[in-house]
Amino acid sequence: MLYDLRHSDLRVRWLVTLLLATLGTSYLFGAWMVALYAGFSPRKVAETYGPVGEAVMSMQMPPDTTVVTERPVSMAEMGEEMHHVDRDLLVQDTHVHMPMYAVIAAALSVITLGLTLPRWGGLAIITVLFAAPWLDFAGMWLTKLASPRFAIVTLAGGWAMALGYTIVAVIATYQMWWRKS
Amino acid sequence: MKTLLLGAVTAALLHITPTVVLVKRQDAVNRLLPGADQFAAREVHVSSADSRRVHDAVGWEPPDGMVTFYVGKRQDQVTGALMFMRVDCQHGPLELAVGFGPQGTIRGVEVTKATVEMKPWVLEALRAGLTDAYRGLALDKAPAGAEKVKPRVGAMPVYMAELVDKGVMHAAAAYRLFYK
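So the sequence lines, in the order shown, correspond to chains A and B.
Quick note: to get our numbering, add 20 to the position in the first sequence (first position is 1).
Quick note: to get our numbering, add 173 to the position in the second sequence (first position is 1).
Errors might be hidden in some of the hints.
[What the hints assert, rightly or not] Here are some, though not all, of the chain B residues that point toward chain A, as calculated from beta-carbon distances under 10 Å:
| id | residue |
| --- | --- |
| 1 | 197 |
| 2 | 214 |
| 3 | 217 |
| 4 | 222 |
| 5 | 228 |
| 6 | 229 |
| 7 | 259 |
| 8 | 263 |
| 9 | 304 |
| 10 | 332 |
| 11 | 348 |
| 12 | 350 |
Source of the hints: derived by calculation from the structure; they are not laboratory data.
C-beta: ideal position from N, C-alpha, C; glycine also.
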């Protein structure tokens, strides 16, 4: 153990607690945002990140000649925006989110280093913390470039992120404020 | 720890601010397709060759090979069409609604979305009459909204106007090449 959160100064424990609370709140809003814009099922994720939504899941390659289809729509349908992330937006999303995810994973990893855990336990948690964003974005890119079936990888990344945070938050809170010896 | 904090601050500064709606899509439809009481979505799945053609023309390709025009009709007569066009920049995305009249000229442009950071710049450009510059513009003419507002606004609103010009140019090219 590089340092011991259980016996650290009150200010350090307070800092870690507030950091975990803030990250937890942002994760809750993150989950809400995912529900609004992407969904929690592989099908919804594939529609969001796949070629152009479900309509063309069977038409991933560009057609040989340009194809035009027309269907009636209501005013409400035009107003409704189907949130679709195309390649350019995904480039932008990856660029702005990956550094932030890395910083969050690093912060949670630093907290993990102060927990009383077996070495393999710490390694496993740190791996999960960093694997989650990789899985998240790898899933998005593979869904776009390879097959909508890879949407499951993005979902796995999202759940891994939640799992990693929950493990660190629960163990850290318990060890800092309850299990002092 | 110092590196970590520096990294966090850098990441926070790089983060794009959330998107805000400036004009609801339905209001944009009402303004750009006035009088229409029936609507159709014309979805164009663009071939690689046509994608290259539009790229050669204006340096833009339809995202994921798809363009959607919303066609407005009244008593089965086409009154116009519009498309929603996204323009990306390092401050985030802008969304425009670009309307076309039945004669094939631009009827009007609405900026429907921007990010929190970009909103004041966009509003300043709009107040300076940015979208007036596009009304009645022929499809083969280069949009010059930024030139129009330049003497009256600051650098960032001019930059926003340049982005709107770019979006209008892309939409006009898509209409010219794919709306049949």
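Hints, one by one, checked against the model:
The closest approach between the C-beta of residue 197 of chain B and any C-beta of chain A is roughly 7 Å, which is under the 10 Å cut-off, so the hint is satisfied. Checking residue 214 of chain B against chain A by beta carbon gives a least distance of about 5 Å; that is within 10 Å, so the hint holds. Interface restraint check for residue 217 of chain B: the shortest CB-CB distance to chain A comes to about 5 Å, inside 10 Å, so the restraint holds. Below 10 Å, beta-carbon pairs count as interface contacts, and residue 222 of chain B has one with chain A at about 8 Å; its hint therefore holds.
Taking 10 Å as the C-beta cut-off, the interface hint given for residue 228 of chain B is violated, the closest approach to chain A being about 13 Å. Look at residue 229 of chain B: its Cβ only gets to about 15 Å from chain A, farther than 10 Å, so that hint breaks. This hint holds: residue 259 of chain B has a C-beta 8 Å from the nearest C-beta of chain A, less than the 10 Å allowed. Among the interface hints, the one on residue 263 of chain B holds; its C-beta lies about 9 Å from the nearest C-beta in chain A, closer than the 10 Å criterion.
A distance limit of 10 Å between C-beta atoms decides the matter here; for residue 304 of chain B the minimum to chain A is near 20 Å, and the interface restraint is violated. Contact between residue 332 of chain B and chain A, as hinted, is not supported at the beta carbon level, the nearest pair being about 17 Å apart and thus beyond 10 Å. Here the hint on residue 348 of chain B is broken, as its CB sits about 13 Å from the closest CB of chain A, past 10 Å. Below 10 Å, beta-carbon pairs count as interface contacts, and residue 350 of chain B has one with chain A at about 9 Å; its hint therefore holds.
Checked against the numbered hints given earlier, this structure breaks hints 5, 6, 9, 10, 11; the rest are met.
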